[in-house]
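**Q** Go ahead and model the full structure; you've got the sequences and the hints to work with.
Oh and the sequence shown: position 313 is 313 in UniProt numbering, straight run, nothing missing.
If you are wondering where the hints come from, they were derived from the structure by calculation, not from laboratory data.
Predicted model only: the values in this text are computed from it and were never measured.
Note that CB positions come from ideal geometry on N, CA and C, so glycine has one too.
Treat the hints loosely; a few may be bogus.
What the hints assert, rightly or not - Mimicking DSBU-like on lysine-lysine, the simulated pairs with C-alpha atoms at most 35 Å apart in a straight line are:
| hint | residue 1 | residue 2 |
| --- | --- | --- |
| 1 | LYS383 | LYS287 |
| 2 | LYS366 | LYS287 |
| 3 | LYS383 | LYS366 |
| 4 | LYS93 | LYS257 |
What the hints assert, rightly or not - Cβ-Cβ distance ranges computed for the label pairs, FRET-style:
| hint | residue 1 | residue 2 | range |
| --- | --- | --- | --- |
| 5 | CYS361 | HIS88 | 50 to 56 Å |
| 6 | GLU51 | ARG209 | 54 to 60 Å |
| 7 | PHE144 | ALA230 | 31 to 37 Å |
| 8 | GLY119 | GLY146 | 39 to 45 Å |
| 9 | GLY177 | PHE74 | 31 to 37 Å |
| 10 | ALA22 | GLY54 | 37 to 43 Å |
| 11 | PRO252 | ALA230 | 19 to 25 Å |
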Amino acid sequence: MLRIGLTGGMGAGKSTVARILAECGGVIVDSDLIAREVVAPGTEGLAALVEAFGPGILAADGSLDRPALAAVAFADDAARATLNSITHPLVGKRTAELISAAPADAIVVQDIPLLVENGLAPLMNLVLIVDVDAETRIRRLAEFRGVTEADARARISAQATDEQRRAVADVLLDNSGPAGAVDAAVHQLWEERLVPFERNLRTGTPAARRELRLVPHDPEWAAQAQRLIARLWVACGAAASRIDHIGSTAVPGLPAKDVLDLQVTVADLAAADGLRDALGAAGFPVKAHVTQDNPKPTEGDPDGTDTARWAKRLHGNADPGRIANVHIRVDGSPGQRFALAFRDWLRADAAAREEYLAVKCEAEAKAAGLTGEAASEAYYAVKEPWFDAVYRRVVG
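**A** See below:
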């Protein structure tokens, strides 16, 4: 199933977005509701809190007196750690139960106020941030919730900053307008990105561009790559020795296809094959038909016929809103070394960038008007001979 992380600053309207996503068909897993559920009267959570902090944390009706709990549980780091050791496992267990109960084709929306603060973004297939500037949120909290300005500012200052949230946002939803203004954007997101993303994830289908077209360099490419790399680290774990942003989108100022290229370095091909299922579940299905790079003439193989040295595995991103290729190459292999050296060569040499851009523009012209495999063949028929020619210049 597709897991969406939903968050936003206090007063941003996260609940409104969650409601719209639920109306579209999303399965909402609300962390705040779960946190209250696991310490309701009669639960093991409430019993554990009473044992740890005493009966003074209970209201007259036997329910949890939250201000009373806060007074003792946040008195020092040890008390806070005790509180977290009781509630966090219970919240995690209940969250897992709700997610497991969702249909296999569900789009699960995890509404998590502290998603950024707790470093949970890499665990999601996509992170949706409801974005409203702090001053607007303060005004809303005072107007609609009766929160004093001083209290609102104190609460907001204790949360992640707007910049920290935006750094993890795959989708930034501007909810600074009047009531109802964000509805159309949420519906469009659901139909055009989330539904296709879930289908691609379920069927193991990488998303792809319809045409090969160069666009101006986007300064956001680097941040987008880092978000995907964080997810790849979660999926790969110790099987990866390094994960890098490579290719044209990793070269500042260079026009490129709007497709990120990432490289996972592993010890051997067995490790690469062992990552297939984990990467697929994380949203990066395998492109099984690709098993090697185009061999280059090297000193030990002047004809470029030793294909085994150029073996790799290739995965794609299932998210139609962020097309990406994930190349898994063996540490020290010619393809792995060339990918890093080529990127660094382009970053350091303006003349090399101009030379490569001319080749890319010629390839784009050859692929113009074509789609699918025909476009790719036309495009790479221009680029690959040039790669062969510059290989020795790049790797030395």
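**Q** Now, for every hint given, state plainly whether the structure supports it.
**A** Hints versus structure:
For the hint linking LYS383 to LYS287, the alpha-carbon distance of about 21 Å falls within 35 Å, and the restraint holds. A hinted pair counts as satisfied when its Cα atoms are at most 35 Å apart, and LYS366 with LYS287 qualifies at roughly 25 Å. Between LYS383 and LYS366 the CA atoms are separated by roughly 11 Å; this keeps the pair inside 35 Å, and the hint holds. Taking the CA atoms of LYS93 and LYS257, the gap is near 43 Å; set against the 35 Å cutoff, the hint is violated.
One distance hint, 50 to 56 Å for the beta-carbon pair CYS361 and HIS88, holds here, with the actual separation near 54 Å. At roughly 58 Å, the beta carbons of GLU51 and ARG209 sit within the given window of 54 to 60 Å. Hint check: PHE144 to ALA230, Cβ distance near 35 Å, so the stated range 31 to 37 Å holds. Separation of GLY119 from GLY146 is about 32 Å and departs from the stated range, judged on CB atoms against 39 to 45 Å.
Between GLY177 and PHE74 the beta carbon distance is about 36 Å. The supplied range of 31 to 37 Å therefore holds. In this structure the supplied range 37 to 43 Å holds for ALA22 paired with GLY54, their Cβ-Cβ distance being about 39 Å. The beta-carbon spacing between PRO252 and ALA230, approximately 21 Å, falls within the hinted interval of 19 to 25 Å.
Comparing the model with each earlier hint shows violations of hints 4, 8; every other hint is respected.
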